[in-house]
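Undergrad: Chain by chain, the residues:
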Amino acid sequence: MDKWKKFKESYFLYSFLRDPVAIVSFIIFLFLVIVSFSAPLIAPHDPYDTSTISIMDSEIPPVWYGEGDDNFILGTDSQGRDMLSTMMYGMRVSIIIGIGAVALQAFLGVVIGLLSGYIGGRVDAFFMRLADIQLSFSTLMVAIFISAIFQTAFGVGKYSEYAVPILVLIIGIAEWPQYARTVRASVLGEKEKEYVEAAKVIGFGSRWIMFRHILPNTLSPVFVISTIQVANAVMSEAALSFLGLGMPVTKPSLGSLINLGFEYIFSGSWWITIFPGILLIILVLVVNLLGDWLRDVLNPKLYKG
Amino acid sequence: MMEHLLEVNNLEVKFKLRTGELTAIDNVGFTLDKGERLGIVGESGAGKSVTGFSIINLISKPGYISGGEIMFEGKDLTRVSEDVLRHIRGNRISMIFQDPMMTLNPVFTIGEQMAETILAHKNISRKDALEISVEKLRQVHIPSPETRLNQYPHEFSGGMRQRIVIAISLLLDPAIIIADEPTTALDVTIQAEIMELLLELCEKNDTGMILITHDLGVVSQVTEKIAVMYAGRIVEIGSTENIVANPLHPYTKGLIKALPGSRGTGEKLYQIPGSMPNLTEMPKGCAFHPRCELAEGECFSKVPELIQRGNFRRLAACHKF
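Chains A and B, in that order, give the protein sequences. Residue numbering for the first sequence follows my numbering, starting at 1 and increasing by one per position. Residue numbering for the second sequence follows my numbering, starting at 306 and increasing by one per position.
In short, the hints are calculated from the structure, not lab data. Watch out, some of these pointers could steer you wrong.
Said to hold, decoys possible - Within a straight-line C-alpha distance of at most 27 Å, the following computed DSS-like cross-link-like pairs (lysine-lysine) qualify:
no.: 1; chain 1: B; residue 1: Lys432; chain 2: A; residue 2: Lys3
no.: 2; chain 1: A; residue 1: Lys193; chain 2: B; residue 2: Lys366
no.: 3; chain 1: A; residue 1: Lys193; chain 2: B; residue 2: Lys319
no.: 4; chain 1: A; residue 1: Lys5; chain 2: B; residue 2: Lys432
no.: 5; chain 1: B; residue 1: Lys562; chain 2: A; residue 2: Lys193
Excised from the complex, chain A in its bound form (with noise of 0.2 Å):
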């Protein structure tokens, strides 16, 4: 009860109030979110069930067309799923991936960036190099290097069956470094600080130093550029997706829905691309914005009174 009267008091929330864009984007997000992990329970078809597909459902455009069938709102897809279901559950998918990435993204560039920034010397030479290197690299192609490696290394079958996890997996290890050097610049202007040196003249060990009391002083970074990774992750599997490296058709996310219909664009199924395409920017487009709130009211410097 304490926390929420000392919540309903903070910066963050009056601040929250008192931006209509961060009120709508979160709104937005939040319905979302709703929607897509409730799929299972109100969508009205489920693509993942084969024995209620019919192919001869397939490519019927939506409801307000002449051809339209009131079964299918946003008409189906070139497999006769239903498009309204399909991009709820892609969305679940997207969602999943994009935070599940960004969750290993910051487990691995935190940790690396609390080393590299405390020990300095060698650790941080060696990492901050292997950083350089991998940022030399576009993200997408290391994620498509990565992931042509698990499709050779484990065959297509198996890659479609864990598509998700290995979707986290590479998108994770190919952002690493946008964590790591943000935390170990924070890091190097933390470590300097009295509180520090008074915590070692207290008698704590450099890892409790490390996680518990610089730690929690570089994280307001952290939660600003997570949100942007999060759109960007939820891009990078749209875009693998899209590359054929990403979701199988069977378990599409947003960015397979859009390869798939990507075909048949020019053949007059606009529906199959343009809905998910439009889902896509609207999410994405809602996390940035939120994003972008939340690092203003994190940098005190950016505080316009």
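Got chain A sorted already, so can you dock chain B onto it with the hints?
TA: For chain B alone, kept in the frame of chain A given last:
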């Protein structure tokens, strides 16, 4: 001969730089008995803080202890393992820093920080740790400590924070407190309060204190012994009374002459001409000779030794006696 609580002998600290090694502290030695208070006085860069940090073997990177010994409770702190040192730091020897704004971690309540300090050294429950914290906060005259425990450092004023820092340093009833310019960042009225509080607590708990400061006025009110440092060496050491009333070394004389009280109202304050030499370009002979009015002969060629002078029980490093 009674054994001293802390005995520093021939301490030498060097800094490894690209251009070679730099001696920051040379041949520093002093003793501290139980409940005794020693002041280390000197200008910025004289090596006061490095001396303080070297006692708990916490000199930051390019620096290291290159010689001498620091005997504390039968152990030489320059030779013991990191584990033993960690047990001594904060527990047996604690330290107070200059800026109370910076020494408390901004993201934790002071209760958490205090409890954590106790739990790092003692195997007691969190509840007991918090109780000890309340008790210590009361000792440093923080009003309503129970509620204050749940507040963050930014909710306190500078003087309050320094009190909290003092409370933290006292949490484990250490044998020695090293106070590195504890009042420099505070305004004058609060300075006096904090010094009084430190003095009171040290006397009550029979805690030894090493007070590092550039303010001879503060030191003379609080300590029993004074060591004057100049360019990494102790130039004079002895009882506070003797040193203040009858300084031997020309540098100490200059410092005492420079105190505001020693001149009439409206007169310009005395100041020692010149400034302390950079450690990279130390003058030959006595480091103080470029600023010394008495300098002649061997002052330019030979480093004076710290030896007993006159009838006083004190040591000074100067050729001119």
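Undergrad: Is the Cα-Cα distance between Lys5/A and Lys432/B 27 Å or less?
TA: Cα-Cα ~24 Å, so holds.
Undergrad: Taking 27 Å as the top limit, are the C-alpha atoms of Lys193/A and Lys366/B close enough?
TA: With a Cα-Cα distance of about 15 Å, the restraint between Lys193/A and Lys366/B holds, given a limit of 27 Å.
Undergrad: Below or equal to 27 Å on CA atoms is what counts here, so check Lys193/A against Lys319/B.
TA: Distance of about 23 Å is within 27 Å: holds.
Undergrad: Holds or violated: Lys432/B and Lys3/A, Cα atoms, limit 27 Å.
TA: Distance ~20 Å between Lys432/B and Lys3/A Cα, so the pair holds.
Undergrad: Given the proposed pairing of Lys562/B with Lys193/A, does the C-alpha separation stay at or below 27 Å?
TA: Violated, because 36 Å separates the two Cα atoms, which is more than 27 Å.
Hint 5 from the earlier list is the only one contradicted by this structure; the remaining hints agree with it.
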